[in-house]
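Protein chains: 2
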Amino acid sequence: MDSGAATWSLEELQLATRNHGVPLEALRYPITPLGLHYLLIHFDIPVVDTDTWRLEVGGRVGRPLSVSLDDIRARPSVTQAVTMECAGNGRARVWPRVVSQPWVLEAVGTAEWTGTPLRGVLEDAGLLDDAIEVAFEGLDAGIDGGVEQVYGRSLSIEDATADEVLLVYESNGRPLLPQHGFPLRLIVPGWYGMTSVKWLDRITAISEPYQGYQQAKAYRYRQTEDEPGEPVTRMKPRSLMVPPGMPDFMTRERFVEAGPVTVEGRAWSGWGNIASVGFSSDGGHTWSPAELGEQAGPHAWRGWSVVWHPEHPGTYELCCAATDGAGERQPLDPPWNVGGYANNAVQRVQVTVR
Amino acid sequence: MDSGAATWSLEELQLATRNHGVPLEALRYPITPLGLHYLLIHFDIPVVDTDTWRLEVGGRVGRPLSVSLDDIRARPSVTQAVTMECAGNGRARVWPRVVSQPWVLEAVGTAEWTGTPLRGVLEDAGLLDDAIEVAFEGLDAGIDGGVEQVYGRSLSIEDATADEVLLVYESNGRPLLPQHGFPLRLIVPGWYGMTSVKWLDRITAISEPYQGYQQAKAYRYRQTEDEPGEPVTRMKPRSLMVPPGMPDFMTRERFVEAGPVTVEGRAWSGWGNIASVGFSSDGGHTWSPAELGEQAGPHAWRGWSVVWHPEHPGTYELCCAATDGAGERQPLDPPWNVGGYANNAVQRVQVTVR
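Taken in order, these protein sequences are the chains called A and B.
The opening position of the first sequence corresponds to residue 99 in this note's numbering, with each subsequent residue numbered one higher.
The opening position of the second sequence corresponds to residue 99 in this note's numbering, with each subsequent residue numbered one higher.
Read the hints as simulated data drawn from the structure, not as lab findings.
Just so you know, these numbers come straight off a predicted model, no measurement behind them.
The reader is advised that the hints may include incorrect statements.
You can't tell identical chains apart in this list, so a pair holds if it fits in one copy or across any two.
To be verified - Computed list of lysine to any residue pairs in SDA-like fashion (alpha-carbon distance at most 25 Å, straight line):
1) K315 <-> R350
2) K315 <-> F353
3) K315 <-> G160
4) K315 <-> S305
5) K315 <-> I129
6) K315 <-> G357
7) K315 <-> L390
8) K315 <-> E392
9) K315 <-> T214
10) K315 <-> L132
11) K315 <-> W406
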């Protein structure tokens, strides 16, 4: 039995209906339109009054800061296109089943984020010599795994002070939408989305590893519940195609007319540029290279396309597989771990040529 | 066995991850923020080039029209807040199970739509005396129920020429987002969302009832597959609450501190104003009236709130039930029909008081 015969509970369905993914046809946009970028909201979207909201920067720093949104907006600003994917993307296809947000393939998006480099803020606060990590905590609170918590994550000093890490207040040229972290969020390009803490409340330099639930318990690669596991960090290589032709409403199977079919998609990796994308029309038995296209910036997905010439009417299984500059290629079969993280197995699209 | 023990297939899950609902905490906004309004997209979001796009108005009219987006925008404009709900909202809780988009509760939203009254356009085209309906067809195409189709619906002349029916090009002050029908859609206040055809391509006055699949086969109240059934039209009364307190990530159960708790929500009906909203903290055995609040316009949901005084720590089941001006009240148990339409049974929220 593979996951195609699996079923999902009401609790999982509730998560699927509130945390939405990108409709796959929207992969044709280099920048995902407002409202179509994937969302994973662990708890509730908090209500924030910017008149009283302050970002507190403290812990192992020489000069603790309390900064308003205007203070942040007055700092040097950077706009960059960033592709972000949920670490749980693909979880619905891992087997044995893992119970959590049941993403199929669609937990990804690319936005143009505007903000200020985190490094400058940390420099102003003056990290003390014994600081080894920076913890980021949001205003969103709840219970996860039986633990009451605010959502929090940490980064090493090296990762936190990388050029591309931003404190962000705009997305696609507008103030952040409530669901994307208004008024201020972290954006850590290349990493899975759990890293980019939304609704920032406080940033704390710490001299011991951060022990928050989402860092120490969740988002770890484990083969058994008992082992500590390795942290989930950067995005593994993945490619997705815009399903060609016309869909069936219920099955999402596709129908195309005979003749050449241009298949296009996007590919990304947090471990380096995309080196190649392979395309298969026979379920992954044989592959041909796709043509690589544009990317909206060094941290954004890369377009790809291929002209497919189906030889005769019938049913085909289209697949795509990206390989990144670090030499890692998407697997044919889903990897498994306790959390169901980072299942970057190749996409499979059923197409009938008429 | 009730639907709480039901399970959902991969096909249903695929629909749930692409067609997103409003996170229930966002019911606190009178106008739903961009990107949080529910979406049901039967086929694919079409790509539209406004340089070549035209709305064709024809059929049983004296003066067929072919109008550009600029032509539409030059006409008298109206902005109105409209609450829209999917006819399939609540389908996941009907039993026996109905297989289609598996909404739990969240297929609703309120937007400020800007457009021009349809009636003026129909007057310019000059409906002929034998026209009995107006058909609306979109640019979205696919297969549903085994039938290849463009998405299409119709209205009687009386319904189509009502004051509040608009051809809409803006939502919340911005051009329509691609997923909401760019460049032009129909908005029919009070009716379930399937009526408000997106990505309009043509409007056709007809002298026989429209036979499109979404009118003649889908969206009908039927108790058996064989009967023609009655058409699904206006929204039944429904109220939803913002789940109070703090959630558990996985179960969405709520936790609140002892002491008075303000519970707020929204209520709406397509059959008249909301007359009252009842609140229960014991699973619907006893009820008290909520205080009714503002509504952003005659076609928008109405706010309501109640101060709940839980008497002791423990677990409670909160419910709310709206009654509309036509005297219809939400039922305690889900109604059933073949399509799983219009299940407006009361919302139930599990809350633990600590």
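Outcome of the hint check:
For the identical chains of this complex, K315 and R350 are inter-copy neighbours only, at 20 Å across copies versus 36 Å inside a copy, given an alpha-carbon limit of 25 Å. Proximity of K315 to F353 under the C-alpha cut-off of 25 Å is restricted to the inter-copy arrangement: shortest distance 22 Å between copies versus 44 Å within a copy. Taking the closest pair of Cα atoms, K315 and G160 never come within 25 Å of each other, the shortest separation being 30 Å inside a single copy and 70 Å across copies. Taking identical chains as interchangeable, the C-alpha atoms of K315 and S305 lie at most 25 Å apart only when both belong to the same chain, with a minimum of 19 Å there against 65 Å between chains.
In this homomeric assembly, K315 and I129 never come within 25 Å of each other (Cα to Cα): the closest approach is 33 Å inside a single copy and 38 Å across copies. Proximity of K315 to G357 under the C-alpha cut-off of 25 Å is found in neither arrangement, the shortest distances being 51 Å within a copy and 33 Å between copies. Taking the shortest alpha-carbon separations for K315 and L390, neither the intra-copy value of 38 Å nor the inter-copy value of 44 Å comes in at or below 25 Å. Taking the shortest Cα distances, K315 and E392 never come within 25 Å of each other, neither inside one copy (38 Å) nor across copies (44 Å).
Proximity of K315 to T214 under the C-alpha cut-off of 25 Å is found in neither arrangement, the shortest distances being 30 Å within a copy and 54 Å between copies. In this assembly of identical chains, the alpha carbons of K315 and L132 never lie at most 25 Å apart, being 32 Å within a copy and 33 Å across copies at closest. In this homomeric assembly, K315 and W406 never come within 25 Å of each other (Cα to Cα): the closest approach is 45 Å inside a single copy and 36 Å across copies.
Violated hints for the displayed structure, listed by number in ascending order: 3, 5, 6, 7, 8, 9, 10 and 11.
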